[in-house]
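Keeping the supplied structure of chain A fixed, place chains B, C and D with the ligands upon it in accordance with the hints.
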Amino acid sequence: MTKPVCADAFLIRQRNLKNDYYSYTFGPFPGVEQCRPGNFVHLRLPSSDVYFRRAMSVTSVDKKNRELEILFRVVGRGTSILARYQKNDPIGILGPLGNSFSKPRKKEIAAIVAGGVGFPPLAYFAEHLVNGGFDPKRILFFYGGKSASDIIERGRIKKMGVRFHPMTDDGSFGRKGLITQGVEEFLRDGGNQRVRMYACGPEAMLRAVDDLGLKYRVPGELSLEAPMPCGIGVCLGCIVTLRKGGYARVCHEGPVFKIGEVLL
Amino acid sequence: MTKPVCADAFLIRQRNLKNDYYSYTFGPFPGVEQCRPGNFVHLRLPSSDVYFRRAMSVTSVDKKNRELEILFRVVGRGTSILARYQKNDPIGILGPLGNSFSKPRKKEIAAIVAGGVGFPPLAYFAEHLVNGGFDPKRILFFYGGKSASDIIERGRIKKMGVRFHPMTDDGSFGRKGLITQGVEEFLRDGGNQRVRMYACGPEAMLRAVDDLGLKYRVPGELSLEAPMPCGIGVCLGCIVTLRKGGYARVCHEGPVFKIGEVLL
Amino acid sequence: MKPDLKVTIAGVDFANPIMTASGCSGYGEELSGLYPLSKLGALLTKTITPEPREGHPPPRTAETASGMLNAIGLANVGVDRFIEEKVPFLRKQKTKIIVNVGGRTVDEYVTLCDRLSGLDCVDMIELNLGCPNVDEGGMQFGSDPAMTERTVREAKQVCRCPLIAKLTPNVTDITATARAAEQGGADVLSLINSLVGMAVDVQTWRPVLTYNRGGLTGPAIKPVALAQVDAVCNAVNLPVIGIGGIADFRDVVEFLLVGASAVQIGTTLFVEPDAPLKIVNGLKQYMKEKNISQVSDLVGRVRKY
Amino acid sequence: MKPDLKVTIAGVDFANPIMTASGCSGYGEELSGLYPLSKLGALLTKTITPEPREGHPPPRTAETASGMLNAIGLANVGVDRFIEEKVPFLRKQKTKIIVNVGGRTVDEYVTLCDRLSGLDCVDMIELNLGCPNVDEGGMQFGSDPAMTERTVREAKQVCRCPLIAKLTPNVTDITATARAAEQGGADVLSLINSLVGMAVDVQTWRPVLTYNRGGLTGPAIKPVALAQVDAVCNAVNLPVIGIGGIADFRDVVEFLLVGASAVQIGTTLFVEPDAPLKIVNGLKQYMKEKNISQVSDLVGRVRKY
Ligand SMILES: Cc1cc2nc3c(=O)[nH]c(=O)nc-3n(C[C@H](O)[C@H](O)[C@H](O)COP(=O)(O)OP(=O)(O)OC[C@H]3O[C@@H](n4cnc5c(N)ncnc54)[C@H](O)[C@@H]3O)c2cc1C
Ligand SMILES: Cc1cc2nc3c(=O)[nH]c(=O)nc-3n(C[C@H](O)[C@H](O)[C@H](O)COP(=O)(O)OP(=O)(O)OC[C@H]3O[C@@H](n4cnc5c(N)ncnc54)[C@H](O)[C@@H]3O)c2cc1C
Ligand SMILES: Cc1cc2nc3c(=O)[nH]c(=O)nc-3n(C[C@H](O)[C@H](O)[C@H](O)COP(=O)(O)O)c2cc1C
Ligand SMILES: Cc1cc2nc3c(=O)[nH]c(=O)nc-3n(C[C@H](O)[C@H](O)[C@H](O)COP(=O)(O)O)c2cc1C
Ligand code: FES
Ligand code: FES
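Protein sequence lines correspond, in order, to chains A, B, C and D. Letter 218 of the first sequence, counting from 1, is numbered 217 in numbering that gives the first Met the number 0, and no numbers are missing. Letter 110 of the second sequence, counting from 1, is numbered 109 in numbering that gives the first Met the number 0, and no numbers are missing. Letter 118 of the third sequence, counting from 1, is numbered 117 in numbering that gives the first Met the number 0, and no numbers are missing. Letter 290 of the fourth sequence, counting from 1, is numbered 289 in numbering that gives the first Met the number 0, and no numbers are missing.
Isolated chain A, as found in the complex (with noise of 0.2 Å):
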């Protein structure tokens, strides 16, 4: 467990990627330090409109600068006011949250399996592991979205030199389908090589991932999303079922949690 801070930091660069995408960097904030992928950091947003936090996944650190990127669409309330941030704005963070993604032993594949917004703590976690040593051949990156529009940082895939499966719902970018057809195939067919699973995205699309888990036999880690009153595991408002019974806070013992362990 990681120990956050909570401090104010500054919007300190801005991209409008497609659409309702933005990137933003806050600086400098002295959590990034213990930043690891799969973190989320928990943003104060005040507005008449929002009263809690919201929670973005770390997408990319800069330690010596002490900078922290994360990736956002525009859905509801608090990205709207989120995305009228402006340069130099300060900003409330607390963080960094939550576990992190374990790595994948070392004969194994890393299937990586993103949708929409769920791409920032994975691509994140595909760089650190590939910074890391670990063969970029030997990580599949599924990403899947509704159209084209939501493939984003595709540059920033290429770079890290993966395997790309780009999927989209209406076949606009890469495959047509939904991205867990295509991870279906790839382990209906893989032979006999061990994969381990990384996903994070929509409910239903990690609900079919934890699905082909359980089924194929392959182990890995969802990251699941909850409303998050406190993200520091006081509040026990954001808990998820767990297989066993009872309940887990997604803050605390999560975000990131094994296949077949949550009631999704």
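No lab work stands behind these hints: they were computed from the structure. All figures in this text were calculated on a predicted structure; none of them were measured in a lab. Some hints here could point you the wrong way.
[What the hints assert, rightly or not] Derived pair list, reagent style BS3-like, types lysine-lysine, alpha-carbon separation capped at 27 Å: (1) A:Lys145 to C:Lys287; (2) C:Lys303 to B:Lys2; (3) B:Lys2 to C:Lys38; (4) A:Lys2 to D:Lys91; (5) C:Lys5 to C:Lys277; (6) A:Lys136 to A:Lys105; (7) A:Lys2 to D:Lys38; (8) B:Lys86 to A:Lys17; (9) B:Lys145 to D:Lys91; (10) B:Lys2 to C:Lys289; (11) A:Lys145 to A:Lys63; (12) A:Lys157 to A:Lys105; (13) A:Lys145 to C:Lys289; (14) C:Lys283 to C:Lys1; (15) C:Lys303 to C:Lys289.
Frame of chain A, contents of chains B, C and D with the ligands only:
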């Protein structure tokens, strides 16, 4: 009584005057058409820190472009939020609201008494008189502040051609002393000129001007302030006590009241 | 499909379920300068009392987090001047008029209902049984079920139009007063009035209101209002008008879903006087998206766990 | 002048009047990762019940205007695991520990007080007499003065440390339950717990909480809390701990001025976990400006109209 409009406009121009003083120009706003000196607009500032709108006197209008200007000083939560607005930001405006100053008679001298951020409506009024053919030399513009930095828009006053009497508490600009001392000297020594006073400023100043008006039997008008939940006369929250008994709504019967009318 | 917003409550037809709340729209004159009152389902008047009242000395309103405190103290022109000065204006408005009345004794409520309910432009009378801001009358009527029942019963006897009992939320169990009002013969219930609240100025160490306390209203109290409307809708068989913190069409949908037949907009009128128009448009849009033709089809449709 | 923030309540010395509220700081472990708990006047635990409780199924929290709804349902590790797993950690903290307990019967409250009040690290026990989120127990204890008195009296008999009665705001007259708790022998009163509230999802037509209702907390309810604390401070002779919507040092000053001896910070911890530190600094600054040496000099100094 003007017919108010409730509509969104944009921050078109933004000037940081001295220290915490700002000039904001909003437009296009249809209500500009009917604006008169003394009227105010009610601004919506969506933030978790303020709930009510904030009232701001109109200080100039550009009817052709349907723009209006306000001047404000950052003193509390509302004005701090306003100060953070950026060019082209949208803002909800309700107005014009309230009554307006009445013209001096032909032979009268208009003694304008502005204290601090009481300046904006009086500047509008003086310009309106001059533009309407009233001899600027018959307008005495008393303008008091704590120190030099509180006397804003001096160029604008010069351009009007009025007789400018600035005073500051610390003597850093104009004469040293309270503006009401200057006004009293003028009234005392003014001989048999017929004078009408127009005042806007801090409560203590208004009380002193009211006293002077009654003491020297000089008629005139005071523009008052009160926290205003609605600004349109329906909440009955912004009341002042009348000398004759009963209450009046600052937003609806005012903000301009006759000297001697209100228990200050 | 053109969504139909008409609602009928106790035999009275309203163009839409969006009403103003008492004390938040004066006697209609000021709002009518912003838009025709025909856009409203109904206009509620400030509480009318037998005698004119100046109300409490200023300050009597204050800003709070997502809401406000008020202790206006039932300032109003009194029933005589209301009939003389305000009714002629109201008569010309193409909207339903609901007159809210308040008394210090049961007799005063009765007299007011008697004098006002026969006027041609008065479509309903609403009894203010729970204003927290007057020393006599007001709250005790609303917090005691027996007093509530008696007041409603006697008022109903003289009332020539449908009668609304407006309930106070400052009670342990609002369904008890709701049932009492039903028992007394109310045709409609409306709730909630304001919650008792207070604030202190940390510079002067004085309460921010000269009445020391006041009524808390606005979006801050919406969840409390919704819970109480839900409880009352499950406890009585009368139509209910939901009030409390409504700011947009989504809030209205919530109140309809738990069982309100209509709603009143109070504090929001102060910060967004044209909110009723936006809400009506929002509701229409929502109904189109959800394929709902009659607004009444939403009433009570919440799917409880 | 160095402002002195120490307060003594029922014989217990607190470094400052800023405590966390029950259910908003877990058992202290998570917060201690952000700052040393010695910065707090006291840490309150989540309500401990005799048996472990999972609480209600998700979703059990929701955002509201300047506040939130929760129906956690008293999820907690139960008294056995609390003593085994949490007490060792709490024992090491250099702050006062107040354990909040809740039962379904008077006996359960008594048993919990008996088992917990003798632990060396437990400085006070707080009885949760008004959690709106459990079917049995909880609210009925707090809304009925007779039950309140009995529960407090029996708990007090076994309690080896000062006893706080935490009152529910969902009553017609909180001074009645306050006096009942005083009568029962409470050493301190704390208030308010959460207001009953509700919200509905307009897309799914389902309540936003699986428990249908929940407790409303946060800045939205501060004026209600302050009015009730003010009323109780005038009605009893016990020290009072103010709770409800406190977000900054100004809010704390308001509670102290109406008579609270200390305060608890709840929901604000979720959005600003370091709020207690900021509040302590703000209070010190304020006391310097106002030339107040002892924080207790603020208590009850409101100048009512
Ligand atoms: C651990 C964690 C990590 C996260 N990382 C990221 C991230 O890296 N990037 C990112 O963009 N988000 C991320 N999220 C989600 C993020 O916290 C917000 O919940 C999400 O962006 C919705 O934001 P909002 O505040 O705008 O919507 P809200 O203001 O909460 O919701 C308002 C309305 O928007 C709609 N809405 C809400 N969510 C969605 C949705 N997902 N799709 C469509 N409509 C919706 C609903 O109608 C809702 O009522 C993460 C969440 C968690 C818990
Ligand atoms: C008809 C009318 C016209 C007005 N015209 C103007 C105008 O043209 N320009 C302008 O700047 N203002 C004008 N005001 C005042 C304006 O509406 C605000 O009330 C004022 O600017 C305080 O703003 P705030 O919202 O920042 O303070 P708030 O957020 O309301 O107050 C927060 C805190 O700030 C402090 N504070 C509030 N007011 C003052 C003050 N006057 N001096 C020092 N501290 C204060 C207090 O401590 C207060 O608790 C007008 C008011 C009215 C009624
Ligand atoms: C300034 C003000 C004055 C009010 N006056 C009255 C009144 O005279 N009679 C009454 O029954 N309710 C009165 N109310 C209560 C409202 O009608 C309504 O019940 C309450 O404000 C809750 O709704 P809201 O949150 O939408 O404002 C008043 C409310 C406010 C804010
Ligand atoms: C998520 C949550 C859980 C809570 N759990 C408890 C609890 O277990 N026991 C209790 O006495 N109060 C509980 N409360 C109530 C708080 O202690 C406090 O009385 C209330 O939230 C009001 O204070 P606030 O507005 O500062 O949050 C809880 C409140 C919240 C928001
Ligand atoms: S968000 Fe509070 S426990 Fe997870
Ligand atoms: S601000 Fe509402 S009546 Fe003047």
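To see whether the hints hold, each was checked on the structure:
1. A:Lys145 to C:Lys287: holds (25 Å)
2. C:Lys303 to B:Lys2: Violated - the C-alpha atoms of B:Lys2 and C:Lys303 are around 47 Å apart, more than 27 Å.
3. B:Lys2 to C:Lys38: Roughly 18 Å separates the two Cα atoms, so the pair holds.
4. A:Lys2 to D:Lys91: Holds: A:Lys2 and D:Lys91 sit about 19 Å apart, inside 27 Å.
5. C:Lys5 to C:Lys277: holds (17 Å)
6. A:Lys136 to A:Lys105: holds (13 Å)
7. A:Lys2 to D:Lys38: holds (18 Å)
8. B:Lys86 to A:Lys17: holds (24 Å)
9. B:Lys145 to D:Lys91: violated (55 Å)
10. B:Lys2 to C:Lys289: violated (38 Å)
11. A:Lys145 to A:Lys63: At roughly 36 Å apart (the allowed maximum being 27 Å), A:Lys63 and A:Lys145 break the hint.
12. A:Lys157 to A:Lys105: holds (23 Å)
13. A:Lys145 to C:Lys289: The given pair, whose Cα atoms are some 23 Å apart, holds under the 27 Å limit.
14. C:Lys283 to C:Lys1: holds (8 Å)
15. C:Lys303 to C:Lys289: holds (19 Å)
Of the hints listed earlier, those the structure fails to meet are numbers 2, 9, 10 and 11, in rising order.
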